[in-house]
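One letter stands for each residue in the lines below.
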Amino acid sequence: MNQLTRWFSRNLIRIYAFLGFTYLFLPIIYTFVFSFNNSTKSNLVWVGFTWNNWLNPCGAPDVCNALGNSLKIGVLATFFATLLGTLMAFAMGRYAFRGRSIVNILIFLPMATPEIVMGASLLTMFISFGFNPGFWTIVIAHVMFCISFVVVTVKARIASLDPRLEQAAMDLYADERQTFRRVTLPLVAPGIAAAALLAFSLSFDDFIITNFNSGDVNTFPKFVYISAQRGLPPQANVIGSSMFLIALIIVLFGQFVGRRRAGVR
Amino acid sequence: MSTALLHTGTHEKKAVLSKKKLLPYWLLAPGIIWLVIFFLVPIYQLISTSTQTQGYGIGTYVQTYRFANFIDAITSSKAQLIRSFEYAFLATLFALIISYPLAYAVAFKSGRWKNTLLVLIVAPFFCSFLLRTVAWEQILGEQGLVIKVLRFAHILGAQDHLTATPFAVVAGLTYNFLPFMTLPLYASLERIDIRMMEASGDLYANALTTFRKVTVPLSMPGVVAGTLLTFIPAAGDYINAELLGNPGTKMIGNVIEARYLEIVDYPGAAALSLILMVTILILVMAYVKRAGTEELV
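Line by line, the protein sequences give chains A and B. Using the numbering used here, you'd call the opening residue of the first sequence number 1 and step up by one each time. Using the numbering used here, you'd call the opening residue of the second sequence number 1 and step up by one each time.
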């Protein structure tokens, strides 16, 4: 008995962590399991096992159209947000200049503003300028709220760089451009990649701002929200599960590459 | 190239310098322009809309500087406003209680599994936010397993529900914003020098005192960042209240959404949005000031 309590108190934090991760993953496991459900109408009760949903992910009406829009918007928003955000991060991380604190506030504000306020205010502006909401207004909105997260992520990476590496390059007669291209950029690249991944997942997953500024363009989260009222088709679970698996593979692969490169060094 | 630079006159050097001085502004310009046009201008539009009144026809409004819009908005949606902050506060508290040991375990007890566990904390992010909420709705719902087990064990009666309750909304908020809490906590815990804790032990502090006097104070930046990143989106959220709640659990986000997209009362919705934003900013500033963290970004 005494031994048992001792084992418990020694492993308390591990047991706790196990429970924590179970809690985090429970809805994902549920989504994954029910992607194999042989249901026709609503995916609420387990009917039986089938591969059909995975073989035919576009089987439900409109789901692949919504997914395609989400992917297109995600790629475009990620590209522009990463580009603009990275440039800003270099300015913030590398230069002293006047107006720095104002820029800091401007970057912080979108992260401190609830999504509904940003979505609503953007819609107000689009309407008052006679702009019809649609595909491009979604892209614009997504770039806007992703920029700050990109700046913060890339800036953290720049701040953690050892300045001696760049000094060494300069000592070895590399000019500024060469130093940037051959030393600084490769060192910051993992931060930029992480920022891009973050931007894509923020964009792909966004519902509130999108719902305000999308007009009648459908996105995947919008599809889930609308069809949740009358029962979600299992194809939505297939898409959610595969996005999850793909992202997990990308991240684990990135870690693997990072570890190997660190090992080589 | 380098010898050529050595021989350049002071005049040219000055030109190079001023060009360099402008460089950060060139780097910032595109991003700033984007944020000004698509964040600040809309907020300005929101402010100007909030004092307008109904013109001729639905959806047309004229500027009349009617500040009473704010009073109307508060009196008509007081309950939802207070409820939003209550729910967000509770969700933040629960997220902190759940996340702290989790982040602690990953930072100090995971050994070579650290990176993998870290990925697993972020991983739920990759499965759509809405899908996860719908999954909770179904796990806790009438057809789900949880409610059957609880009813079988007589913890819940036949009339009791798990979904469509305040409990479900707070649980959903807690779950959905949990990684926003865990990650900053982990980042600040991971940065703590283990030797600090060892030193505390050497000075005869027991494990609890070390935790209270060394670990917690040193992890405060993570606590501040995590609570902010959880509280802000939770206060403005309306998905959880919509999918997991009932009409009595509506939050301010639900009201704003309905006024914008269903009732088409733009001034009222704008006034409520501003009230929400300003309240959050005041709370955030007071909190940050008390917690004493300077660097926000």
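There could be a bad hint or two in this list.
DMTMM-like cross-link-like pairs, simulated, lysine to aspartate or glutamate; straight-line CA separation at most 25 Å [unchecked claim]:
(1) K21(B) to D216(A)
(2) K20(B) to D171(A)
(3) K289(B) to E86(B)
(4) K21(B) to E176(A)
What the hints contain is simulated information worked out from the structure, not anything from laboratory work.
Hints, one by one, checked against the model:
Restraint check: the Cα-Cα separation between K21(B) and D216(A) comes to about 46 Å, which exceeds 25 Å; the hinted pair is violated. Between K20(B) and D171(A), the direct Cα distance comes to roughly 21 Å. Compliance with the 25 Å bound is thereby established for this hinted pair. With a C-alpha separation of about 21 Å, the suggested pair K289(B) and E86(B) falls inside the 25 Å cut-off, and the hint holds. For the hint linking K21(B) to E176(A), the alpha-carbon distance of about 15 Å falls within 25 Å, and the restraint holds.
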